[in-house]
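From first to last, the protein sequence lines stand for chains A and B. According to this note's numbering, the first sequence is numbered sequentially starting from 1. According to this note's numbering, the second sequence is numbered sequentially starting from 1001.
The hints are simulated quantities; they were obtained by calculation from the structure and are not laboratory data. No residue lacks a Cβ here, since even glycine has one placed at the ideal position from N, Cα and C. You can take every hint at face value.
Once the Cα atoms are required to be at most 25 Å apart in a straight line, the calculated DMTMM-like pairs of lysine to aspartate or glutamate come out as: (1) B:Lys-1128 / A:Asp-72; (2) B:Lys-1040 / A:Glu-78; (3) B:Lys-1128 / A:Asp-77; (4) B:Lys-1128 / B:Asp-1054; (5) B:Lys-1128 / A:Glu-40; (6) B:Lys-1040 / A:Glu-85; (7) B:Lys-1128 / A:Asp-55; (8) B:Lys-1128 / B:Glu-1044; (9) B:Lys-1128 / A:Glu-85; (10) B:Lys-1128 / A:Asp-76; (11) B:Lys-1040 / A:Asp-76; (12) B:Lys-1040 / A:Asp-61; (13) B:Lys-1040 / A:Asp-89; (14) B:Lys-1128 / A:Glu-65; (15) B:Lys-1005 / A:Glu-131; (16) B:Lys-1108 / B:Asp-1127; (17) B:Lys-1128 / A:Glu-78; (18) B:Lys-1108 / A:Asp-61; (19) B:Lys-1040 / A:Glu-65; (20) B:Lys-1040 / B:Glu-1065.
Only part of the chain A face toward chain B is listed, based on derived beta-carbon distances under 10 Å: (21) Gln-60; (22) Asp-61; (23) Arg-64; (24) Glu-65; (25) Met-83; (26) Gly-88.
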Amino acid sequence: MVRILWVILFAISFNCFAAIDAYPFPDEQLQQRYDGLIAELRCPQCLNTNLAGSDAMIAQDLRREVHRMLLDGHTDDEILAFMYERYGDFILYRPRLGAGTLVLWLGPLLLLMFAGFVWFRLARAKPEVLEINTEEQARLDDLLRDSDL
Amino acid sequence: MTFNKSLLIPLGVFGLLVVFLALGFRLQDPHLLPSVLIDKPFPEFELQDLRQPDQLRTLADLSGEVSLVNVWATWCPNCLIEHPELLRISRETDLPLYGVNYNDDNGKALGWLARHENPYEFSIVDDKGTLAIDLGVYGAPETFVLDASGVIRFRHVGPVTPEVWRETLLPVVEHLQGMSDG
Chain A
1 MVRILWVILF
11 AISFNCFAAI
21 DAYPFPDEQL
31 QQRYDGLIAE
41 LRCPQCLNTN
51 LAGSDAMIAQ
61 DLRREVHRML
71 LDGHTDDEIL
81 AFMYERYGDF
91 ILYRPRLGAG
101 TLVLWLGPLL
111 LLMFAGFVWF
121 RLARAKPEVL
131 EINTEEQARL
141 DDLLRDSDL
Chain B
1001 MTFNKSLLIP
1011 LGVFGLLVVF
1021 LALGFRLQDP
1031 HLLPSVLIDK
1041 PFPEFELQDL
1051 RQPDQLRTLA
1061 DLSGEVSLVN
1071 VWATWCPNCL
1081 IEHPELLRIS
1091 RETDLPLYGV
1101 NYNDDNGKAL
1111 GWLARHENPY
1121 EFSIVDDKGT
1131 LAIDLGVYGA
1141 PETFVLDASG
1151 VIRFRHVGPV
1161 TPEVWRETLL
1171 PVVEHLQGMS
1181 DG
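Model the full assembly from the supplied sequences, consistent with the hints where possible.
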């Protein structure tokens, strides 16, 4: 069973990388940084695919740029800044904190605070108590006695 | 029976939802990226001229007056759609129009210009797409309006149709020309 799973896993992963152009790197560390960067950068042509997963021409060109910049000794931050200067917030899957992206960063926090507020109000709300007079209490006692409960 | 204020909460949530969905579903093409290059100088480059391969074109060749820079390619169907309008602009105005031949084959590009006529003062060979990356281009065609000092003042993504020219690009061009005259 495990062996079959391994075969399936291998087939799937092989498929994933089939479309990707292989760039040679002198060492494993650069290769890992390359893989990280192209997973982190969003393809400007496609609405929701990273550079690693896109076959668009611009994604191919940008992968080539990332490869070239890595070999030239640029840091990851420099490469992300290079992309940001050209393509803006869109290209970063983790957008920078700015006026245009503020709602992305603070929105969930505000929603959480709102939910907390609602929960707090509901938890504190006292259940409504209806007063009954002695006559009604007597009827209730009668009913409970008659009902065999 | 007193009015329970907490009944207003779902209504408020609904109101918020309406606002966010209205913003999200505006009639706007989600493919259009906000440009970060507006009001930045046109990037430096040193690339071959398409028709005179021994001549290198640089940023200096683009500066001096208000101009249009159009990113085009033979593999781009929308470039053919906007082509008649570019030809008309080059014939009927004295606005310089420069081409950036993006990720293309020089032979094909020259054939394309011969077949459809050439609206450009000259075309820059950007066969590696490096200038296009510096311009933040993610498809073709794209058209940039440069002011007299070579600063990018406007960017249009998609074909330049007669409507786009009349309603969008021409007003920008006239505004910039008025500024450099004044």
